[in-house]
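Asks: Residue numbers (my numbering), protein chains in the order written: chain A, 1 to 638; chain B, 1 to 386.
Any given hint could be a false lead.
As the list claims (entries may be wrong) - Derived DEER-like restraints, expressed as beta-carbon distance ranges:
(1) Gln330/A / Phe146/B: 45 to 51 Å
(2) Ser161/A / Thr68/B: 23 to 29 Å
(3) Val387/A / Tyr66/B: 54 to 60 Å
(4) Trp114/B / Gln326/A: 37 to 43 Å
Rather than coming from a laboratory, the hints here were simulated on the basis of the structure. None of the values given here were measured: they were computed from a predicted structure. Quick reminder that beta carbons are idealized off the backbone N, C-alpha and C, glycines included.
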Amino acid sequence: MAMMSATTRWLRLGALFAVVAMLVTACGPSGTSPSAVASAPASQAPTSEPPASEGPTGDLGTYKLGIFQDVETDNQWASADTSQNTVWNAYFLSPMTGSLYGTFMPGIEFGPVMADGDLQPTVAEGDKWIGTMKLRSGMLWSDGEPVTAADVAFTWHTVVSKDKGGVELLGPWQDFADEDVVDNVEATDDLTVKVTYNSQPGLAVWGPGTGVPQIPIMPEHYWKDIVADALTQDDPRTVLLAASGAEAPSLGATMFKDRQAGSFAASDPNPNYYDKGAEITSGGVTWTEGPYATAFQYTLYGGQDAAVLALANGEVDLLLNPLGMQRGFQDQVKENKDLTAIVNPTNGFRFLAFNHSRAPMSDHYFRDALTALIDKEFLTGNLLQGVAFPLYVILPEGNVNWYNKEVADQLATEGYAGLDTATRRKTALDLLTEGKYTWETAPTIDADGNFTPGSGIIGPDGKKIGTLRLISPTASYDPLRATAAAYIAGVAQDMGIDVVAVPTDFGKIIDIVFATNDKNEYTADYDMFILGYSLGSAAFPTFHCSFYCTTGDSNNTKYSSAAFDAAADTFNKAQTIEEAYNAMWEMEKLIAKDKPHVPLFDTGILEFYSNRVAYPFTDTLSGLQFINGNPSAVTAAK
Amino acid sequence: MLKFFIGRLVQMVILFVVFLSIVWLLLQLMPGDISDTLIGNPDIPMSVRLELKARLGLDQPLLQQYITYITNFFFRFDMGVSFSRFPKDVSAVLLEALPRTLVLFLSSTLFAFWLGFKTGKLIAWRRGGRSEQFLIVSGVFLQTVFYPWFAIVMLWLFGFVFGWFPIGRFITAELWLGAPFEANDIFGRLIWTVVIASVAYGIARIVIGRVAKDLVTRERLAMLLGLLVVAAVVGYWAVNPAAKFAWDIVHHTILPVITLGLVAFGAIMLLTRASMLETLGEDYILTARAKGLPDNVIRDRHAARNAMLPVATSLVLALSFVIGGGIVTETIFSWPGMGLLFLQAINVSDIPLAVGALAITGVLALVGHLVADVLYAVLDPRIRIA
Chain A
1 MAMMSATTRW
11 LRLGALFAVV
21 AMLVTACGPS
31 GTSPSAVASA
41 PASQAPTSEP
51 PASEGPTGDL
61 GTYKLGIFQD
71 VETDNQWASA
81 DTSQNTVWNA
91 YFLSPMTGSL
101 YGTFMPGIEF
111 GPVMADGDLQ
121 PTVAEGDKWI
131 GTMKLRSGML
141 WSDGEPVTAA
151 DVAFTWHTVV
161 SKDKGGVELL
171 GPWQDFADED
181 VVDNVEATDD
191 LTVKVTYNSQ
201 PGLAVWGPGT
211 GVPQIPIMPE
221 HYWKDIVADA
231 LTQDDPRTVL
241 LAASGAEAPS
251 LGATMFKDRQ
261 AGSFAASDPN
271 PNYYDKGAEI
281 TSGGVTWTEG
291 PYATAFQYTL
301 YGGQDAAVLA
311 LANGEVDLLL
321 NPLGMQRGFQ
331 DQVKENKDLT
341 AIVNPTNGFR
351 FLAFNHSRAP
361 MSDHYFRDAL
371 TALIDKEFLT
381 GNLLQGVAFP
391 LYVILPEGNV
401 NWYNKEVADQ
411 LATEGYAGLD
421 TATRRKTALD
431 LLTEGKYTWE
441 TAPTIDADGN
451 FTPGSGIIGP
461 DGKKIGTLRL
471 ISPTASYDPL
481 RATAAAYIAG
491 VAQDMGIDVV
501 AVPTDFGKII
511 DIVFATNDKN
521 EYTADYDMFI
531 LGYSLGSAAF
541 PTFHCSFYCT
551 TGDSNNTKYS
561 SAAFDAAADT
571 FNKAQTIEEA
581 YNAMWEMEKL
591 IAKDKPHVPL
601 FDTGILEFYS
611 NRVAYPFTDT
621 LSGLQFINGN
631 PSAVTAAK
Chain B
1 MLKFFIGRLV
11 QMVILFVVFL
21 SIVWLLLQLM
31 PGDISDTLIG
41 NPDIPMSVRL
51 ELKARLGLDQ
61 PLLQQYITYI
71 TNFFFRFDMG
81 VSFSRFPKDV
91 SAVLLEALPR
101 TLVLFLSSTL
111 FAFWLGFKTG
121 KLIAWRRGGR
131 SEQFLIVSGV
141 FLQTVFYPWF
151 AIVMLWLFGF
161 VFGWFPIGRF
171 ITAELWLGAP
181 FEANDIFGRL
191 IWTVVIASVA
201 YGIARIVIGR
211 VAKDLVTRER
221 LAMLLGLLVV
231 AAVVGYWAVN
241 PAAKFAWDIV
251 HHTILPVITL
261 GLVAFGAIML
271 LTRASMLETL
281 GEDYILTARA
291 KGLPDNVIRD
301 RHAARNAMLP
311 VATSLVLALS
321 FVIGGGIVTE
331 TIFSWPGMGL
341 LFLQAINVSD
351 IPLAVGALAI
361 TGVLALVGHL
371 VADVLYAVLD
381 PRIRIA
């Protein structure tokens, strides 16, 4: 028996040794030279290999970015349509595109990107208005073909509706190609684009707003046949979106190289990048465009734990996430001398919304009183432990080109900033009393300033106001908004207003507050809610009208103000930035006065990057992720 | 036997229809739909949301949507189009992710079963030793440990501190850049290699069992055969041009498999030990001892085989938890499988994709139950399938 056991043990040892030996063999080079096979290109490469650029501080090598959801498409049409219009696709694909005009960060200035000169005003021609744009000469696609005005016209004609002979794409494409506004886009010569408008376009359409001047240009010579084929099918949009764009030539700093589903996407520097070597100044920062990296790699991570470990391990240079990184990692990163943590303001805000179609929220005394009770400094500094900062206007301070500190400060003062608790209570009590509210038990403030809570508030109509529900996301979804809701309910209860915070599943909140009837009008079946918005274009803030115009697409509070609508109309039709700027601040003043939303706070976006890389700037609205990690200008650090 | 299988098959189909209907309805009850993802963008008008809803059929009455889905599923074998990966078919998306999850969970489950059963059997046999105490404490720790924490610690320790394994992910981007292979193709080939090798080994084991009557000879031959199969598999890949790519995938698989396997190992070891202890008290074990049979024969053939019944059941039924367990494991290890896919689908209300992922779980659970029934009969001759 002992003999048998020994034999078995030796056999097992032998087996183990054999397996290890064979695994080692498997890992080693084989006779057929797998490395040679591996170096074969998977996608069509440009005819000439781009030279490895060297930045001001040396060779960067591969610029490695960590992402948290997969790049799902290589098709630029799909990435700006609806379903595939994700930031993850945009991080990878946006640096490959270009447009005639665009926004420069960090200064948020609108200007010519691929155009020759500034955008000139449109001119009347009969009952139409004509805008003309000229492409810079000598620009090439990554495959060496010239970039022409016909490419711009082709893009617009592909996006438009079937009635106009297009594929009828959805999503952001419709902003660029709004057929109600734009009559036609045509190439009058190789470099000139003529845009015909049905009426005189304002800057919102012909300018820094979203319109034809900023439409991503697609290569006609690559897509022409695919689009023509799609148009012969029953559902051309689906056919076009399903097509591969892996071999489509690029305009921007990068061009497609490879994509392994569920793992990574990779791009190469585009040797024909239209701004290669150009000196650019924005927001007072000047830099020379690269790209300096020899390759770009976007690696997928399932969660932030692994991603931060990979960053610390030197496997990635920057983590891209539209929501930023979790605060819990900040100390860990700060302790690591190889990493840097940055915080930037975001292009968004979190707010308290009132239902303007339901009493008492429809009464400005009530809204004012509740606003006066909310101590945003206490909320953000104490309850939220400093991770958020208070807001008093909708436009974020980080939007340096549009922010007006003087007016914002004035609106903050009018919005009860900096008051102590006693003054807040007194102000609220005065407002409610002036608005003819009474109480079953009125709250009182004695001569020494001692406050006694009230209960059972009664409306100006003499009827007792019942329980008001304040819907907010749950603490597991967003502890900040859940805490804010509990705080607001508390201060309202002290004043005798029966506000109850109702933490609700995020999807359910969306269902409730954005519910529509058969006529596609918002039903507004709620009292108050707390949500957050991101704000779209920073170069020309068109979001005000969407949120607050009487017919605004996102106006679910039923706020309606002729003065606001007029200001919005002025903004949309503005022919100069000053005109638009004044109209926008007029809108801000009306929002601060009428309070469809009460801006509460925002948190800023936290990002981490490796000190191996250097950026021309890191103070920028919504952080480095907003500019896709700045692949065209990132360099190796000293 | 045939009657049994036909009966079970009919049962399975009915159960599956009911399961799919409940899953579909439950997911429909979730608030919101894919068009809600556009709400956050003030530049996208409501008309676009409505247009998107119409194009995806989300404006149809719920009953109509249900009938369309079920009809397409069962009569056209069409799971629909993924809303979030439009216009990709759900089946194509699932087909990419399913093998990754199955390999991860099957490997870890088999690893855990093999190690847990062997260890549990031995500590029950040699009861009272220090090794038993140590293993019981370890088993209880592994069974009760907070899994996400444990997985992150494993990743930190073996990926970051020691650097033995990659920090998550499925493949190394640097290696695969411009590779002439798709990762999924190589992964598929790896799976097929293992499947073919396992089938060949299984058949050979049956032949050996018939030819060699002596237990010792049989064990030696089986060992030799195992070596040959492993050598053949490794040899095949060693001379393959895709060798380093295959090894890269295997290298990325090891840590999540070990982590997942260790947690399952604790439970299986403790279950085997308890089951063995119960079996060792049976009269037939006493009879076997009285007959003078060698210890290893009593342990392996008389006790362990009976003790295996509840363990085998738990092993097979573990298949039903592939997606649930996958969400945590795949998130932490950045493993692009069904769990991660399901989570992403739920986050953006991609109902067809979420239902598709759960349908796969349903099929696995049903097949798992069938296999458990058959296994019972194979392991215990007293049970007959009828």
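Asks: Evaluate each hint against the coordinates.
Replies: So, going through the hints one by one against the coordinates:
1. Under the hint 45 to 51 Å, the C-beta atoms of Gln330/A and Phe146/B, about 23 Å apart, miss the expected range.
2. Ser161/A and Thr68/B have their C-beta atoms about 27 Å apart, which keeps the hinted 23 to 29 Å range intact.
3. Our hint of 54 to 60 Å for Val387/A and Tyr66/B is violated, since their Cβ atoms are close to 44 Å apart.
4. Distance hint check: the CB atoms of Trp114/B and Gln326/A are about 38 Å apart, consistent with the given range 37 to 43 Å.
Going down the numbered hints, you'll see the structure goes against 1 and 3, while the others check out.
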